[in-house]
Structure formats: structure tokens, C-alpha cells
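Trainee: Listed below, chain by chain, are the residues.
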Amino acid sequence: MTQYIGKPISRVDGLEKVTGKAKYAAEFDTPDLLYGYVVNSTIAKGKIKQIDATKALSLAGVIQVFTHENRPKLAWFDMNYKDQDAPPGSPFRPLRDAKIKYNAQPIALVVAETFELARYAASLVQVDYEEEAHETNLQANRHKARKPSLGMASLLKPPPPKPRGNFEEAFKEAPVQMTGEYVHSMEHHNPMELFASTVVYEKGRNKSGARYTIYDKTQGVTNSVLYVSQVFDIPFKNLQVLSPYVGGGFGSGLRPQYQLFLAVMAAES
Amino acid sequence: MINFDYTRADGVTSAVRDRASELTAKFIAGGTNLIDLMKENVERPTRLIDINRLPLATITETEGGGLRLGALMTNADTAYDKQVSKRYPLLSQAILAGASAQLRNMATDGGNLMQRTRCYYFYDVATPCNKREPGSGCSAINGFNRIHAILGTEAGTPDRSIHCIATHPSDMCVALAALEAVVRVTGPDGDRTIPFAEFHRLPGNTPHIDNTLKDDELITAIDLPANGFSKNYAYLKLRDRTSYAFALVSVAAALEMEDGRITDARIALGG
Ligand SMILES: Cc1cc2nc3c(=O)[nH]c(=O)nc-3n(C[C@H](O)[C@H](O)[C@H](O)COP(=O)(O)OP(=O)(O)OC[C@H]3O[C@@H](n4cnc5c(N)ncnc54)[C@H](O)[C@@H]3O)c2cc1C
Ligand code: SF4
Numbered sequence: 000m001t002q003y004i005g006k007p008i009s010r011v012d013g014l015e016k017v018t019g020k021a022k023y024a025a026e027f028d029t030p031d032l033l034y035g036y037v038v039n040s041t042i043a044k045g046k047i048k049q050i051d052a053t054k055a056l057s058l059a060g061v062i063q064v065f066t067h068e069n070r071p072k073l074a075w076f077d078m079n080y081k082d083q084d085a086p087p088g089s090p091f092r093p094l095r096d097a098k099i100k101y102n103a104q105p106i107a108l109v110v111a112e113t114f115e116l117a118r119y120a121a122s123l124v125q126v127d128y129e130e131e132a133h134e135t136n137l138q139a140n141r142h143k144a145r146k147p148s149l150g151m152a153s154l155l156k157p158p159p160p161k162p163r164g165n166f167e168e169a170f171k172e173a174p175v176q177m178t179g180e181y182v183h184s185m186e187h188h189n190p191m192e193l194f195a196s197t198v199v200y201e202k203g204r205n206k207s208g209a210r211y212t213i214y215d216k217t218q219g220v221t222n223s224v225l226y227v228s229q230v231f232d233i234p235f236k237n238l239q240v241l242s243p244y245v246g247g248g249f250g251s252g253l254r255p256q257y258q259l260f261l262a263v264m265a266a267e268s
Numbered sequence: 000m001i002n003f004d005y006t007r008a009d010g011v012t013s014a015v016r017d018r019a020s021e022l023t024a025k026f027i028a029g030g031t032n033l034i035d036l037m038k039e040n041v042e043r044p045t046r047l048i049d050i051n052r053l054p055l056a057t058i059t060e061t062e063g064g065g066l067r068l069g070a071l072m073t074n075a076d077t078a079y080d081k082q083v084s085k086r087y088p089l090l091s092q093a094i095l096a097g098a099s100a101q102l103r104n105m106a107t108d109g110g111n112l113m114q115r116t117r118c119y120y121f122y123d124v125a126t127p128c129n130k131r132e133p134g135s136g137c138s139a140i141n142g143f144n145r146i147h148a149i150l151g152t153e154a155g156t157p158d159r160s161i162h163c164i165a166t167h168p169s170d171m172c173v174a175l176a177a178l179e180a181v182v183r184v185t186g187p188d189g190d191r192t193i194p195f196a197e198f199h200r201l202p203g204n205t206p207h208i209d210n211t212l213k214d215d216e217l218i219t220a221i222d223l224p225a226n227g228f229s230k231n232y233a234y235l236k237l238r239d240r241t242s243y244a245f246a247l248v249s250v251a252a253a254l255e256m257e258d259g260r261i262t263d264a265r266i267a268l269g270g
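Those protein sequence lines, which keep their order, are chains Y and L. In this text, residue positions in the first sequence follow numbering that gives the first Met the number 0: the first is 0, and each later residue adds one. In this text, residue positions in the second sequence follow numbering that gives the first Met the number 0: the first is 0, and each later residue adds one.
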């Protein structure tokens, strides 16, 4: 270690990254690639009464608009949607039903021949909501917090290490004690590599023979493989997830994000 | 983003004529603000009139002994210009407190004056915003408004009700206000000048109008008066992060001193 401490050392992939040569998940162009753009909810809690994609679909070059109403049938159990790093509680399942659980929830995917067209078409999708009162202030609602049941999460995740020493005792006997409440400012993950998934789908002789090569923005390809396999019932051997350069993550790339789900769903359909 | 037409203007007169004949068109310079707003469907121009080929990327001396900054000078070239950094260091300092090196390389001086507010709700078309959709309401007044205005929110409103609490986010403009710059514009009826303090307007009850430039007018230059206050000056920008963030509040201050006495003082406040 000492040979590195205090000296500027280039990262192995540093040059590629700063010169833009490193390819990220959204940059693997393939022939006939289609582009997806997500429509997000504009309310924090409630229900979709109606979602109308007629205008979007009428544009030449728009292939499909997926919503909870027309999505393909998928794995039934919550368990299948748990990944290796899933927190306790019920997992979020994109396009599952009409329920809105949070603001900017993905509620539709527009697929088109170009990114710009998909983005424009997404702005034409009309959504009618039934709004419910929401609470978004976590601080003010802390008294309502409850411990979720551990469920599958505890099986997939290694348990935390056993505590060492005895904090309570040491603190009680400490010559100086200070107690305070500290609130830090908002922190956001801002990785260089944007969240994206490119799915290259190759037809097999039958459904179970189809192959998926997936470029995913992830810090853990095995977690993405596991998730896609469980949710879409695709055998491991037909799946490859690649992330040759992780363009930053700070933990936001540990778990499969909804764009992976949506991209695989669209590719499969 | 919606589809739009594109024209490249080959002269100031034709640029202004094109704009006058299609008021829903917009000039595009560096594009660092306009393109972002178009992607979010906040700005929906039917045509972009590209002004980047106009001969407005120069810095020249004015008759009054000051400097004339062409509207298409980039923020970076302006800040690092020998004359500007020597004679108007307050302006250089303010420009360099803004954005990032890459953005300052693209952003133009004309565009800097015309950039729109950074109010989050203005950018989010799913929320009410009087500046974006007059009469729809202001989401910021009872929302997240840490970056919003302290000064000038009700002034200019006859009924004293508040319609918008957004700020103009520019650093450069605070220094230009302190220096008492003058904005030179060209319209279909010819040229006119606008004193800097009269260029941006308070929201009042028409917050959708940011400034006194008419729709069919083009900014051609910004004139700096002869005195640049190059001895005693400071630009102070307070923000949550010391780089790559907009000001919460900012101050451009400049003093003229003689024998230890202040003979002239300029203070412009942002925020
Ligand atoms: C991430 C980010 C951070 C930033 N941080 C800061 C900051 O900290 N401080 C700061 O001051 N700024 C900041 N900026 C804003 C930046 O300074 C402006 O976006 C830039 O100055 C706009 O210039 P432009 O040439 O790119 O304008 P454009 O985007 O091309 O145009 C902006 C507007 O000006 C109009 N326009 C352009 N030129 C003329 C002209 N000659 N006559 C009439 N109208 C014209 C256009 O029609 C358009 O409406 C930031 C921007 C970004 C994206
Ligand atoms: S402060 Fe102004 S820009 Fe922001 S939401 Fe209110 S009206 Fe819109």
C-alpha cells in the first residue's frame, strides 16, 4: 500500500472515462435499435383513472406505449422482484397496476424509432388521476415509522457483522459526553453515467431459446441477471449483463432500476 | 421537445426581420439555457434563429472611453479578456463565479442577460407557475423556496399580492448592474439603448415578462462605462456548494476612494 499513499495514481480506466472513450450503457448502438422514454406520474399518491396514449401512438415512428393495462403478464409473486440488495418490505413493481405510490413513479414506457420522438410522444400521453392526500415530509412523520417484516431480504442479504464492544457502558462512563441532533443537507447520487439499459434480443428457435445481451448501468451485474431471470422467467444461460465501465454509482447502481425492467419487457414484446 | 424549424441568420437586420415575422421563434446563441428548457417543454419555439454567425463576438472601445462587449462574446472570453480583467475585474470575478468552465465556453453575454429563472417549479410543467403559465398560480410561495427571492417580490404589484418569488439567476448581471452598464439592442425600427437597471423587471403581476426587451429585438452589445472600479471591488456569492451552484444571495460592491474617503460607491444585490 505504502507505494501508493500520497502519490497521484491514475485509475485503470481513467483516461477512457475522461476522454469519453468509455462506453456507457446507453451508448451501445445496434442495428434497428428502438428507444424508450418513461412517462412519470405527476402526483405522489392515488390512482390512475385513465391513461390515453392515442395521440402518442398516432405519430409515425412510435412503436408502442406500455402501461399497466397492456403490459405482458409477469411473475406473480413479490419474491421474484426482490434483488440481492433489496430492503425489507414489499418491492416496487413497475407497471404493476393503477396505484401511484410516489411522485415521478414510472407509469408508461413509450417506444419509438428515435429518442427525440419517444420523448416528444411521451409528452402527449394523457393521464387522469384520482388523487389522495399524501405525506412527503419524512422528518415530520417519523413517529409513524414501523419496522417492515424482513421476509426474503434477510435470506438474500448477508447479515450485518456482530457488534463489538459495549457502547452503552462506555458512553455512560465517558468523562465527556455530548448529545446533539445533527441534520445534514440533501445528498443526491449524481453519477456521470446516466441510468440506462440497452437490451440486444436475439430470437431463438423457440421462446426459451431467445438470448439477451444487456448493457446495464449497474455496480453489480449478477444482481441484474438474477432480477431479470426471476421476473421474466429467463434461464441464466440465455442472459448476459455487461457493465464494462461503471460511470460512478455511489450505491445508486447496486440495485436493478426500473429502466432495466422496462427495457427487457419492451425487447421481449 | 417539439419539432421546430431552423434558420441561420446572416445579418442583424435579417435576424430581427425573421423574428418580427414569427414572434413564436427564438434566437439561439450558446444554447446552454434554451435547449434545456426546450427539452422540458417549457420553451416551445416554432423556429430557432441561429445568431452565432453574426459579427457580434468582439470587444471594442467606445467613444466614451469604455468597452463594448459584443452580444456573442462568450462568458469565458469576456472574463479572461485582457482589457476586461484589467479594467473591470469585478465583472470577470462575477462571471467566473458562475456555472462551469465548459458552460462558460458556450454561454454568450447576450444569452446570460436573457437566461431564465432556476425556480424548480418553472422547470416542471406538471406544477402551476405564473411565470410559465400566467394565472396558474405560484408553487414556490408555499413550496421549496430556499433559492428564491428575498428582494423585490411584492414591489411593483399594485394590489401588493405576490405572484412570483423567482430570482434572475445570473452572476454576471449583478456586476453589470453595479457597473451601470448599458444594453444595446436592435429592433425593426432601429437601435436603442436600455440602462442596465431598467433591463430586468420585477415580477409584479406579470411575472411571465422577465425584461424590457421587446419580442422582436436583438441584443447586439453591452456597453461598460469608462470607470471600471478596478481598485476596490468585490463580488460575493453565497450558495450551498462553493462550486457549480447558483447564488442564494450575491453582492457586487465597488468603491472609489480618495485620501481614505469614499467618493463613489456602487452596491448591487442579487437574490
Ligand atoms: C448547469 C448550469 C449551471 C449554470 N450556473 C450558472 C451560474 O452559477 N451563474 C450564472 O450566471 N449562470 C449560470 N448558468 C447559466 C448560463 O450562464 C446561461 O445559460 C448562459 O449565459 C446563457 O447563454 P447562451 O448563449 O447559452 O443562451 P441561449 O441558451 O442560447 O439563450 C438563452 C435565451 O437568450 C436569448 N438570447 C440569446 N442571445 C440573445 C441576443 N443576442 N438577443 C436577444 N436574445 C438572446 C435566447 O432566445 C434564449 O431565450 C448555468 C447554466 C447551466 C446549464
Ligand atoms: S416563483 Fe415564479 S417561477 Fe417559481 S413557481 Fe412561482 S411563479 Fe413560477
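Just so you know, these hints were derived from the structure itself, not from any lab. Treat each hint with caution, since some may be false.
Stated by the list, open to error - Dumping the calculated PhoX-like pairs for lysine-lysine here, alpha-carbon to alpha-carbon at most 25 Å:
id: 1; chain 1: Y; residue 1: K22; chain 2: L; residue 2: K38
id: 2; chain 1: Y; residue 1: K16; chain 2: Y; residue 2: K6
id: 3; chain 1: Y; residue 1: K22; chain 2: Y; residue 2: K98
id: 4; chain 1: Y; residue 1: K46; chain 2: Y; residue 2: K20
id: 5; chain 1: Y; residue 1: K143; chain 2: Y; residue 2: K44
id: 6; chain 1: L; residue 1: K38; chain 2: Y; residue 2: K54
Trainee: Against this structure, judge whether each hint is valid.
Mentor: We went through each hint and held it up to the structure:
1. K22(Y) with K38(L): holds (24 Å)
2. K16(Y) with K6(Y): holds (20 Å)
3. K22(Y) with K98(Y): Since the Cα atoms of K22(Y) and K98(Y) sit roughly 36 Å apart, the hinted pair is violated (cutoff 25 Å).
4. K46(Y) with K20(Y): violated (44 Å)
5. K143(Y) with K44(Y): holds (17 Å)
6. K38(L) with K54(Y): holds (19 Å)
When held up to the earlier numbered hints, the structure conflicts with 3, 4 and fits the remainder.
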